[in-house]
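Let the sequences and hints guide you as you build the complete structure.
Here the protein sequences line up with chains A and B, keeping their order.
Residue 1 is where the first sequence starts when you use this note's numbering, and the numbers rise one by one after that.
Residue 1001 is where the second sequence starts when you use this note's numbering, and the numbers rise one by one after that.
None of these hints come from the bench; they were simulated from the model.
Be aware that one or more of the hints could be misleading.
Claimed, not checked - Only some residues are given here: those of chain A computed to face chain B with a beta carbon under 7 Å:
| id | residue |
| --- | --- |
| 1 | E52 |
| 2 | S98 |
| 3 | Y199 |
| 4 | H200 |
| 5 | K201 |
| 6 | A202 |
| 7 | E262 |
| 8 | G263 |
| 9 | V332 |
| 10 | N333 |
| 11 | N336 |
| 12 | G340 |
| 13 | F342 |
| 14 | H347 |
| 15 | Q354 |
| 16 | T358 |
Said to hold, decoys possible - Simulated coverage check for chain B against chain A, where a stretch passes if three residues somewhere in it have a Cβ under 8 Å from a Cβ of chain A:
| id | segment |
| --- | --- |
| 17 | 1049-1057 |
| 18 | 1067-1081 |
Idealized CB from N, CA, C, for every residue including glycine.
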Amino acid sequence: MAAKNHRQWLAEPALKPNEWVDSRIYSDPQIFEEELEKIFKKAWIPVCHESELPNAYDFRTMSIAGEPIIVCRGPDNEVRAFLNVCPHRGMIIERRASGSFLEGQPSGNPKRMTCMFHAWQYDLRGNCVYISREKEGYQERLRKEDVGLRRLRCEVKFGGFVWVNLDDNPQASLEDWAGPAFTCLRKTLDAEPLEVFHYHKAIVNANYKLWHDTNCEFYHDFMHYHNRVTGFNDAYFARKNEAFQHGHVVVGTFEVKYENYEGFESRAALSFPHLPPNQWYMIDMFPGMNFNLRGSALRCDIVTPLAPDKVMIEFRGLGLKRDTVEERQTRVNHHNSIWGPFGRNLHEDLLGVQGQGTTMKPGSEPRRILHGRHENQTIHDENGMRHYYQEWGRWMNRQPNNPDLPYAEPMPVAAE
Amino acid sequence: MGRLNVDAAALVRDTIYRSTILLDRQDWNEWLAHCDDQFQYAIRSWSPEINKDVTYLALDRQGLASMVKLLPKHNTDHSPLTRHTSVYTVDVDEAAHSAKAVSSVIVYQNLLDGINSHIDAGESRLFLVGKYLDAFKIENNKAKFVSREVRIENRRLDKGSHWPI
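See below:
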C-alpha cells in the first residue's frame, strides 16, 4: 500500500509494542516536566571534566533540571558540588562560567564563595563563614552556623569526569550506575590524566531524547558521506550494540579507514592508551549523555533539556594531558574534522535532529516513531533505543508507545 | 627584495573586500585563488568555560580545497551566509613585502532550508561575530593571503556550518 489516509496513518504499526514510541514523549509539556523531576533530578549527570578546574579554589558553574550548580576544587584538592543558590534570598551565588576564588570579589574576600547581593560568604566546603551585620539583624535567632550551601553528591570518575546527582539517596552508586558500561574503555580512560581541549554548545529545537537517539543508532550513517566511505565494510556491519543495566548502551568497535576520505589521515599514531589503532567506541548513557572515542580524540556530549522541544548540547573534546603542542594540535584537528562545529558529521547530525524536532513540537499530532530494526544486535539494529525506552518507561511509569498508560515490562523476545 | 612601489595597504583592503564577496557567493575556488600555496586557515575562539583557546577548524590550502570539493557529497544547511567586513587596520612591512590586517566581521545567516523553510525561510539571523586576522604577501602587484584566523566570539554555534567563514 502506498500513501496513507488519516486513519491508516494513525494506525499502530505491524511491530511489537516496544518497537515504536508515541511522539508525545518528545513533545508533551507535562511529560517533559515530569522527566526533569523523575529522571534528571535523580540520575548521575556528568557536568564537566576535572581539567576544567585544575587548581585549588577553581570553580565551574552549570545547571541540572533548571537547578544552578557550582563545582569547585577545595584547598584539600577535593572536588565538591553545591547548589549555586544563596540560602539567604535565593540569589545565584556565582554568575561566571568558570574562575578562581583566589581572587577577591567586589562584595567579598579571596578564598570565599561570596553572594554579591548581601555579601554572605561560604568556604569551599559550603560552610557559611560570614553574614554581614549578623548580630545586628538576627541577634541570636539565626547564626552563620545554622545556614550553609546545599551540598550535592559529587564524584570524579571514568577518565576524570565530574558526576553530580541531585538526589541524596540515588538508586545506584555511581560505580554501579556507570561502571559496567564503561568497562570497555575504563583501562584506556584511566591510564593517565585527560584534558579538555574543545568546548562549544548548540541549542536546537528538538527533544533531548532525540539527540540521544541520534547518538545511539548508527543506521543514520547513510546521512554521513564520511562514515560511509571510512566505515561501510564487513567489520563495520559486525559492530555490536550491547545493552547495560540502567538504560546504557555501548557500541562496539572496529577499525575506521580515515584515509578513505580525501584530505583525512589515519589517527593511529595518537591512539588513546591500550587501544589498537583507529578504533571507535561509543558509550550512550541514560538519560542522554554520550562518550565517543574515535582513536585519537574523546568526545563527550552533555544534554541539558530546556523545553519539550529544546535542548542544549555541550560538546567537549579531550586528549591526553601530556600531549606535546604538536600532538595536541593534531588531536584537535582529528576531533574537529568530524565533530567540530565546522566539521563534516556534527552539522549533519544536528540537521537531522532539528528536522525531527520540527515535526514534533508541542501540539503536533501524535505519531509513531519506529525503533523496530532487528539485525542481530549489530550496528543498524535499533536494540539500543528499545533498551533505552524500556528504562525511560520504568523511571516515568509510562508506556513509551502510549504514555497515558502505566509502564509494563515487554514480553521477553529471544532476539533481544 | 626592494621596497614596494604599489599602495600595498589599498591592495590588502581590496583583497579582503573582494574575498568577502567571493565567500558570500560560495565561490570557494575563486577565493582560494587569492590564497598562497602555503595558506593556513583557522577558526578559533576563547572559551571562558574551559579557560582555553579553542580551535574549531584548522586547515591548509590543500585541506580547504579538498573540503570544498567534497561539499556536494554532504548534507548541509544551504542557508546563505552574508559577511559584513570592515577593515580596521593594515600594517605593511615594505621591506618584507608583507602585510597584516585586522578586520571586523559579522556573519548573518539568511535561512533557507536549515529548519522549517515554510516558517523560517527568508529570515536573517546573526550567526557569528568576530574578527579576521589576516597576513598577506605582496607580490606582482597583488596581495595574497598567507594566513587567515577567523577569531569568533561565539561558543554557542547551534547547527554550525560546513563552509569556510
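I'd like to know which numbered hints this structure contradicts. Please list them from smallest to largest.
Those not satisfied: there are none.
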